[in-house]
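First to last, the protein sequences are chains A and B. For the first sequence, counting from 1, position 241 maps to 241 in my numbering; every step adds exactly one. For the second sequence, counting from 1, position 9 maps to 9 in my numbering; every step adds exactly one.
Derived from the structure by calculation, the hints contain no laboratory data. Since the model is a prediction, treat every value here as computed from it, not as a measurement. Treat the hints with caution; some may be incorrect.
[As the list claims (entries may be wrong)] Some chain B residues well away from chain A (every beta-carbon gap over 12 Å; in silico):
#, residue
1, A53
2, V55
3, R67
[Unchecked claim] Listed next, the stretches of chain B that the computed footprint assigns to chain A, with coverage defined by at least 3 CB atoms under 8 Å from CB atoms of chain A:
#, stretch
4, 14-28
5, 68-82
Glycine is no exception: its CB is placed at the ideal position from the N, C-alpha and C atoms.
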Amino acid sequence: MTTARAGVAPLPNPGPRPPGEAETLARIWAPPRGLAFLTVVNNNYVGVLYVGAAFLFFVLAGILALVMRAQLAVPDNTLVGPSLYNQLFTMHGTVMMFLFAVPAVEAMGILLLPNMLGARDLPFPRLSAYAFWAYFVGGIVFFASIFLGSAPTGGWFMNPPLTTATYSPGVNEDFWLLGIGFIEISAIAGAIEIVVGVLRTRAPGMTLGRMPVFAWAMLVFAAMIIFAFPAVILATALLELERAFGWPFFSVDRGGDPLLWQHLFWFFGHPEVYIIFLPAAGMVSMIVPTMAQTPLVAYRLVVLALVATGFLSFGLWVHHMFATGIPRLSLSFFEAASMAVAIPSGIQVFAWIATLAKGRRIRLTTPGLFILGFLFTFVLGGLTGVMVAVVPFDWQAHDSYFVVAHLHYVLIGGMVFPLFAAFYYWLPYTSRHALSERLGRWVFGLMFVGFHVAFFPMHFTGLAGMPRRVYTYPAGLGWEGLNLVSTAGAFMIAAGVALFIVDLARRFRFAIEGNAGNVWNAGTLEWLPSGTYATRSIPSVASREPLWDQPGLARDVEAGHYYLPNAPTGGRETIVSSPIEAAPQWLMRMPRPGWPPIVAAWFTAAFFLFLTVKWVLPACLCGAVAIGAMLAWAWRLDPPPLAAPVEVGGGLALPAYMSGPRSQSWWAMVVLMLVAGSVYGCVVFSYLYLWTVSPEVWPAADRLPDLVHLAVPAALYGASSAAIGLANRALGRGRSLHPGVVAAIVLFAAGFAADLFAHRALSPAQSSYGAVVYLVLSLAGFFGAVSIALALFATARYAHGLLDRVRRVTFDNARLFWHYSVGQSLVGLALVHGFPRLAG
Amino acid sequence: MRTQRFAATALGMSAGIIVWAVHFAAIYGATAVACARGLPQLVAPAVGWSTAAAVAALAVVLVRGYRRRHVFERWLGAALAALALVAVAWEAIPVLVVPPCGG
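Same shape as in the complex, but just chain A (with noise of 0.2 Å):
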């Protein structure tokens, strides 16, 4: 016990702990009861929930899978005609991608995290409370419209001109690009919260290469989250702008490219891929160590695995566009860092058959059966990725079963295995009870052999000539057995997930005090001993497997010998370190449960579904409640300060409140600008690619705005920003915020006013100049907006004396927001002034 205690640190609690201590943890954690349960914030309900909803988005999808199989099972068959087959596999793939596979992992990371990183909670539990709500309202609605016949139509991935307003009339298509609107804002909710609280919430001493590879994993994901769903959002906006309004992004008789939509979602729609099977890697290497009952073989390259699969797969969007007359040689540059991504993911799976290979005794239980299937599935699926990524085979293989073959392979197998595995190794973290050993077995078996009898055929029908998406076919091609083998196998799988869903209804019994505890002797913290209040005292860690390295951590920390035994301030609390080396900074007081985000949630979900079917007015009625219910939620944030530090344990004295950046809020508002910065990235790629294409409704330089266009807004932009500055310098010193603020509302007002008088000849529905001229304009008249918003929010709370020099979180807030806009404008009149002059 001592040689292994060696390097650790004196316990900072040695002695015992006052009576009743425990129980008023457990009383200020309490979830609230009743109707208020539904605004529960703590990450072991909401988590749960999210994987839960998630998992009702499988089984819907999943179902939707059946029909298209049993309508596929023999040819000529009229069970589902082709408006609702192109429906289904639309729905298909948009619910298993959008309002599963990213809700599901995101929703592991906020269960996980906190506990496995030693913090009390995720460091905005109402923001995942929202991201959650958000996304379930939204989703079970979005879901819905298949019932009325109104689900989209054009494929998970939209292509125009199919799905533009003039081959898709209707509100089909709408529902898509609306209807994903508030799943793609709870992405990004529930990115800013991992990205913080992987970085900012770590257990003393949790180093950065202590961290548990899950952390890292969800790290990476929330990082590619950051920089590939701006992406989408922006394409979405792109062509519900053209469809509602008729600014010819996409229409090549104004000059649009429909191929310019096709790079935007590609640019997100294969990172999407890796956002999904990143996690999934990093829960296989939380389990095939506990498996083998040994540390992670090459810690450091799974490690750098995950960080450069993140970068890589950013250069791989084009291989979903070989066969759209792209010059050969841009295509070879994708081709090869397609087969470049293929390393990364070869060192996972090497670093996992060698741990298995150390381990002394392998426990085949179910999650390690779930491990093998799915490194057995994943590895056929890469290997017929890189067939794929060949270009000459791709052209033979595009747009064919092949590819259904293929991406369900490293879909199903590099995902849904994985997570069935994660299913069944933290249930015991979360239930009363493990899930049945001998059932797992007959699901893993009905699973695993349903899916290669479903899919492995699918390679085949794809050779024989079998196009994905249609909705019949000819007897006589050779495709009607390989098509009845997979049906059969569809069903094999149905069957595996319901007895699984059976399973989960004798023995999920939802717990945490009372869980099943570490069955599989791991030797991570989140198989602690917890309550809602997750740990009893927070451990300080001096490896990656604490739990194996420091006997007696658990009874240690149950006994609350470690950090913050108690609730010192009287409510609830987590402790904030340092990013790299998870040195303790500052004690972070968090919210309660409250209605304001729910209620926003809900009606940031129903706004996006008024605006889909053009309700303008109750879409209006129900942005405005949830822009109320936002400004209730936060102005009770940022509590007044303490002025004494919070002793914590072992001499640690800690400040219990920060402003600056060392705070939490100023580090989610810069991941909240980097999410704007990939926007705006995006639209400057836009501007430059249908110039590209386009060059012939670009305007000469002679027919430009005059400079004085240039130089009059780009002025009072910048003295806007100058005008916050004096306001920032006026609150330091305890003089009054007002003139400040007022004079920079003034000021970029002008500007704006400015900027848009400079083209009043130019039209948005002219041309793709004309469309573009005016996204750029749109987005410094929106970014001038929050940005005004937030200043007067902040001047409010000034007004009200909740905003002093030192409780000052939401001016800094308002003062960053406000000059990223302001460098945002000034880049997109250097663009639009600057950029045709340069081109000539």
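Given chain A's structure and the hints, the job is docking chain B onto it.
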């Protein structure tokens, strides 16, 4: 203060792979614009010079990171630069064998 260090560490750690991203964008963008404007003769020099610059930058990142490889973050930065070097070289090879701008 710590956040300053974090930004510097994060950028240092990702420097190699950022070079990869810039190189990839440069060779793809240059090819697309040159082909769209009927200037295929510019493709090979653009790809060649971008690749030479990227390789030089990666060599610097790699050597600097490797010297302090006992620090986890430095090791990760060097390893990412090594992987980026492979990717940059591999992705540029097609310019030697595939004619520019052909359909």
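Kindly indicate which numbered hints from before are broken by the structure, ordering the numbers from low to high. The structure breaks none of the hints.
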